[in-house]
Amino acid sequence: AQKITQTQPGMFVQEKEAVTLDCTYDTSDPSYGLFWYKQPSSGEMIFLIYQGSYDQQNATEGRYSLNFQKARKSANLVISASQLGDSAMYFCAMREPPNTGNQFYFGTGTSLTVIP
Amino acid sequence: EPEVTQTPSHQVTQMGQEVILRCVPISNHLYFYWYRQILGQKVEFLVSFYNNEISEKSEIFDDQFSVERPDGSNFTLKIRSTKLEDSAMYFCASYTSGTSYEQYFGPGTRLTVT
Numbered sequence: 002a003q004k005i006t007q008t009q010p011g012m013f014v015q016e017k018e019a020v021t022l023d024c025t026y027d028t029s030d031p032s033y034g035l036f037w038y039k040q041p042s043s044g045e046m047i048f049l050i051y052q053g054s055y056d057q058q059n060a061t062e063g064r065y066s067l068n069f070q071k072a073r074k075s076a077n078l079v080i081s082a083s084q085l086g087d088s089a090m091y092f093c094a095m096r097e098p099p100n101t102g103n104q105f106y107f108g109t110g111t112s113l114t115v116i117p
Numbered sequence: 003e004p005e006v007t008q009t010p011s012h013q014v015t016q017m018g019q020e021v022i023l024r025c026v027p028i029s030n031h032l033y034f035y036w037y038r039q040i041l042g043q044k045v046e047f048l049v050s051f052y053n054n055e056i057s058e059k060s061e062i063f064d065d066q067f068s069v070e071r072p073d074g075s076n077f078t079l080k081i082r083s084t085k086l087e088d089s090a091m092y093f094c095a096s097y098t099s100g101t102s103y104e105q106y107f108g109p110g111t112r113l114t115v116t
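Heads up: the protein sequence lines correspond to chains A and B, in order.
Counting in the numbering used here, the first sequence runs from 2 upward without gaps.
Counting in the numbering used here, the second sequence runs from 3 upward without gaps.
One or more hints might be untrue.
What the hints assert, rightly or not - Calculated lysine-lysine pairs in the DSS-like style (CA-CA distance at most 30 angstroms, straight line): (1) A/K4 - B/K59; (2) A/K4 - B/K85; (3) B/K44 - A/K4; (4) A/K4 - A/K71; (5) B/K80 - A/K4; (6) A/K17 - A/K71.
Said to hold, decoys possible - Some, not all, of what chain B presents toward chain A, calculated at C-beta under 7 angstroms: (7) Y33; (8) F47; (9) S50; (10) E58; (11) F63; (12) Y103; (13) E104; (14) F107; (15) P109; (16) G110.
It is worth saying that the hints were derived from the structure and are not from the lab.
For glycine and all other residues, C-beta sits at the position ideal for the given N, C-alpha and C.
Could you put the whole structure together from the sequences, leaning on the hints where they help?
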């Protein structure tokens with residue numbers, strides 16, 4: 002079974018609108034961390050936001066927030082007030098447990114295009 | 003801000019040749035990783051390295067691959083005899099355990115096998 006599933010290969014959003022990128026995960030470990038990375042066309046991986054499985058509140062970082070629904074095993078990324086520079090690939094990833102040296106499992110990514 | 007560096011940024015090689023991809027992780031980090039991303043696909047784990055030995059490897063990391071930390075700063079990935087399907091972006095990453103969670107990625111090396 003896939004550890005991380007991203008079902009939206011491509012998304013479009015109007016500039017200044019909000020957009021939600023979906024991510025579901027599969028784990029039996031009670032301790033895990035969920036991460037979102039942005040990959041612009043230049044190729045580098047840019048860390049956006051982190052959510053721990055024991056965190057009570059949804060993580061937020063500026064215009065990024067993570068809608069964490071533990072029972073549904075989903076960790077959707079919400080980008081508010083989209084900007085043209087947000088056009089990129091977005092990857093959801095998981096590590097179990099989060100504060101160990103274990104590998105990251107990545108989803109297949111969502112390509113976001115922001116329309117002026 | 004500390005960063006992971008990788009050289010070269012782009013490597014072109016002929017099938018059957020050996021390549022070495024180099025990485026300088028963040029200096030106080032303890033865990034080192036190589037990931038691969040075939041063009042347009044997801045990022046795949048290759049290998050993790052801790053305390054001077056491989057701690058975990060994927061099925062992709064077969065006998066053609068090896069990793070080494072030859073000195074206190076460099077971390078290398080060697081592909082002994084490259085195949086066309088090895089063409090991909092290779093990312094190095096490093097991490098320090100404890101209260102930090104973020105795994106820092108390098109900018110990647112694009113390997114093209116012709």
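A/K4 paired with B/K85 [C-alpha distance capped at 30 angstroms]: With Cα atoms ~28 angstroms apart, A/K4 and B/K85 stay inside 30 angstroms; holds.
A/K17 paired with A/K71 [C-alpha distance capped at 30 angstroms]: This hinted pair holds, its Cα atoms lying about 29 angstroms apart.
Closest C-beta approach of B/F63 to chain A relative to 7 angstroms, hint status: violated (11 angstroms)
Interface hint outcome for B/P109 [beta carbon to chain A under 7 angstroms]: Since the shortest Cβ distance to chain A is 5 angstroms, the answer is holds.
Per-residue hint verdict: B/E104, partner chain A, C-beta under 7 angstroms: Since the shortest Cβ distance to chain A is 5 angstroms, the answer is holds.
Pair hint A/K4 and A/K71, alpha-carbon separation not exceeding 30 angstroms: Holds, at roughly 15 angstroms.
Restraint satisfaction for B/Y33 [CB to CB of chain A, less than 7 angstroms]: holds (4 angstroms)
Interface hint for B/S50, Cβ within 7 angstroms of any Cβ on chain A: holds (6 angstroms)
Given pair status - A/K4, B/K44, alpha carbons within 30 angstroms: With a Cα-Cα distance of about 13 angstroms, the restraint between B/K44 and A/K4 holds, given a limit of 30 angstroms.
Interface hint for B/F47, Cβ within 7 angstroms of any Cβ on chain A: holds (4 angstroms)
Restraint check, 7 angstroms cut-off on beta carbons, for B/F107 near chain A: Hint on B/F107: holds, closest Cβ of chain A at ~4 angstroms, below 7 angstroms.
Hint check, B/G110 versus chain A [nearest Cβ-Cβ separation less than 7 angstroms]: holds (5 angstroms)
Checked against the numbered hints above, the structure violates only hint 11.
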